[in-house]
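Visitor: In case you want the letters, here they are:
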Amino acid sequence: MSAASPLAALFAREWRIGRRAGGTGSMGVVFFLILVSIIPFAIGPDLVLLARIGPALLWIAALLATLLGLDRLFQGDDDDGSLDLLLMSETPLESIVLVKCVVHWLLTGVPLVIATPVFAVMLGLAPQAILGVTISLLAGTPALTFIGAIGAALTVGFGRGGLLLAILILPLCVPVLIFGVSAAQAAAGGTVPFMTPFAILVALSLAAFAAAPFAVALALRQARL
Amino acid sequence: MRLTAADLSIERGGRLIFSHLSFCLDGGEALAVIGANGAGKSSLLRALAGLLRPMAGQISLSPKMNLTLAEAVHYVGHADALKNVLTLAENLVFWSSMLATGAGKTEIGETLQYFGLKGVADLPAAYLSAGQRRRAALARLLVSPRPIWLLDEPLTALDLASQDLLRNAMREHLKGGGLIVAATHAALGLPAHELNMGAKA
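Chains as they are written, first to last, in the numbering used here: chain A, 1 to 225; chain B, 226 to 426.
If you are wondering where the hints come from, they were derived from the structure by calculation, not from laboratory data.
Take the hints with a grain of salt, since some may be wrong.
[To be verified] Sample of chain A residues facing chain B (criterion: CB under 8 Å; computed from the structure):
| id | residue |
| --- | --- |
| 1 | Ser5 |
| 2 | Leu10 |
| 3 | Arg13 |
| 4 | Arg16 |
| 5 | Ser82 |
| 6 | Asp84 |
| 7 | Leu85 |
| 8 | Ser89 |
| 9 | Pro92 |
| 10 | Ala211 |
Backbone N, C-alpha and C fix where the C-beta goes; we use that ideal spot for every residue, glycine too.
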């Protein structure tokens, strides 16, 4: 138990909390599975249709599954007083937020990406399309997590923040959704080259990665003072 | 070191909690903040911790340090900042590296021993009693040294033996030149200045 650097200690703490009972990591994947498996019941067992809209369905399911765990991102720390103490640390709040978001993505986003090929088979996607949707989710889910973190910070301290969070964040996720789905569909064939929407998707993720920690930290500080 | 609050006014939810409050505390001194429920004791402590922006007035530390006010103070409030799924030791290890600003920290094992928490160190915090959680929150004071302690009702939930342990820790802290501001209903049990916040605002 040597004195680790504050951010390494924070990473270890967030990782443990997420992995242990009560963590939302595995719940996201289960929710993802449920969403993807009920859609064929609603649409009917038309494999051609499912394969055509499959990438879009997977993206919407991933978007909703990502939202599911986000409301706890700062709420847990607010409830037990940890957030007060984190604000009083010498470590800048922006880097604390960054570490929390990265861990959250590793525990919720990455499992979704890993599960995607399996669920894509259920929807009858072609191998090329499966690869495309998986890669586009890998590139796009960080943007969802970071944009969602802004909503989580804004709704901290509200009793029923989860629903408000979804209302605030879903419109902001539209660009990610558009370019994610078009990258996935471009990979499956079509006139648009894969790299065009994919590069914009990556840019969205990088921009969210760079800007969101500052927005989140600002929102958390404002909520306090 | 000197902590000065000058002409402080605090408002919460559009309601003036208190106004024109001034005090000055030097190294080695303790301040007991007393007053009825709702008189603004906790708000004062949160303002001193940098967690609440005063409507008017200033809080300052002299001589000038590299630390901001929030980084120089420890705040032990009503919430104990323990994560239920982590063990007590894991909680403390985390806060010790997150909050440490100065030299002279007590080892975690030693602190656990001091507060009689050695036996429950490997239990998830969810299984601790109220008094044990309180002691764990107070253990933060020792594992990450900071010059000013802000304690909100520090004696709540503690048994008599633990209250003595806390008093000893507070005496040591004052002897080392530290400052303590404690909001309390019970007698603190050490020489302290008194700040009476008066009746409910």
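Visitor: Hints first: check each against the structure and report whether it holds.
Guide: Tested hints:
The closest approach between the C-beta of Ser5/A and any C-beta of chain B is roughly 7 Å, which is under the 8 Å cut-off, so the hint is satisfied. The closest approach between the C-beta of Leu10/A and any C-beta of chain B is roughly 7 Å, which is under the 8 Å cut-off, so the hint is satisfied. With a cut of 8 Å, the hint placing Arg13/A at the interface with chain B holds, because the nearest CB-to-CB distance is about 5 Å. Interface restraint check: Arg16/A against chain B, minimum CB-CB distance 6 Å, threshold 8 Å, status holds.
Satisfaction of the interface hint for Ser82/A is found here, the shortest Cβ-Cβ separation to chain B being roughly 5 Å, below the 8 Å cut-off. The restraint placing Asp84/A at the interface with chain B holds, with a minimum CB-CB distance near 6 Å, inside the 8 Å limit. With a least beta-carbon distance of about 5 Å to chain B, the hint placing Leu85/A at the interface is held under the 8 Å criterion. For Ser89/A, the shortest C-beta to C-beta distance to chain B is roughly 5 Å, which falls under 8 Å, so the interface hint holds.
At its closest, the beta carbon of Pro92/A sits 11 Å from a beta carbon of chain B; the interface hint therefore is violated under the 8 Å criterion. With a least beta-carbon distance of about 25 Å to chain B, the hint placing Ala211/A at the interface is violated under the 8 Å criterion.
Violated hints for the displayed structure, listed by number in ascending order: 9, 10.
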